[in-house]
Amino acid sequence: QVQLVESGGGLVQAGAPLRLSCAASGGTYSILTMGWFRRAPGKEREFVASINWSSSSTYYTDSVKGRFTISKDNAKNTVYLQMNSLKPEDTAVYYCACTLYGSSWDYWGQGTQVTVSS
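Using this note's numbering, the first residue of the sequence shown is number 448, and each one after it goes up by one.
Treat the hints with caution; some may be incorrect.
To be verified - Each computed SDA-like pair below joins lysine to any residue, with the alpha-carbon atoms no more than 25 Å apart:
#, residue 1, residue 2
1, 519, 479
2, 490, 523
3, 490, 473
4, 523, 450
5, 534, 562
6, 523, 473
7, 519, 476
8, 534, 450
Stated by the list, open to error - Computed Cβ-Cβ distance ranges for the label pairs, DEER-style:
#, residue 1, residue 2, range
9, 472, 535, 29 to 35 Å
10, 502, 565, 33 to 39 Å
11, 520, 490, 19 to 25 Å
12, 565, 476, 39 to 45 Å
13, 503, 555, 33 to 39 Å
14, 521, 489, 19 to 25 Å
15, 473, 534, 16 to 22 Å
16, 523, 489, 22 to 28 Å
17, 547, 520, 17 to 23 Å
If you are wondering where the hints come from, they were derived from the structure by calculation, not from laboratory data.
For glycine and all other residues, C-beta sits at the position ideal for the given N, C-alpha and C.
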């Protein structure tokens, strides 16, 4: 079992930065990749970014490339999402998740709300 707890959400103005954190506990030794997802009002949940726990390889959805950066601190079992130049369309509940084998996202956090005002 892996427990994931997100923090760092809030209300910001367009153009401002915000950093989300996701602390993992439990069976963290088995984590292959961690990722961030978001669900905007009335929309499906979408992938935002991911990072491989050992190689640090990263992937981003096109809409956040150049603005968001995913990183990790293995010693703290924590993954971060640095969000810069936020736009109102980034407003969503952000979730972190992890996959143990790469075939599915096995564990999810409870989500943290990010609201970007124009």
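Taking the hints in turn, this is what the structure says about them:
no., hint, result
1, 519 / 479, "holds (13 Å)"
2, 490 / 523, "violated (33 Å)"
3, 490 / 473, "violated (31 Å)"
4, 523 / 450, "holds (14 Å)"
5, 534 / 562, "holds (9 Å)"
6, 523 / 473, "holds (12 Å)"
7, 519 / 476, "holds (14 Å)"
8, 534 / 450, "violated (30 Å)"
9, 472 / 535: 29 to 35 Å, "holds (34 Å)"
10, 502 / 565: 33 to 39 Å, "holds (38 Å)"
11, 520 / 490: 19 to 25 Å, "violated (30 Å)"
12, 565 / 476: 39 to 45 Å, "holds (43 Å)"
13, 503 / 555: 33 to 39 Å, "violated (22 Å)"
14, 521 / 489: 19 to 25 Å, "violated (37 Å)"
15, 473 / 534: 16 to 22 Å, "violated (34 Å)"
16, 523 / 489: 22 to 28 Å, "violated (35 Å)"
17, 547 / 520: 17 to 23 Å, "holds (20 Å)"
In this structure, the hints that do not hold are numbers 2, 3, 8, 11, 13, 14, 15 and 16, in rising order.
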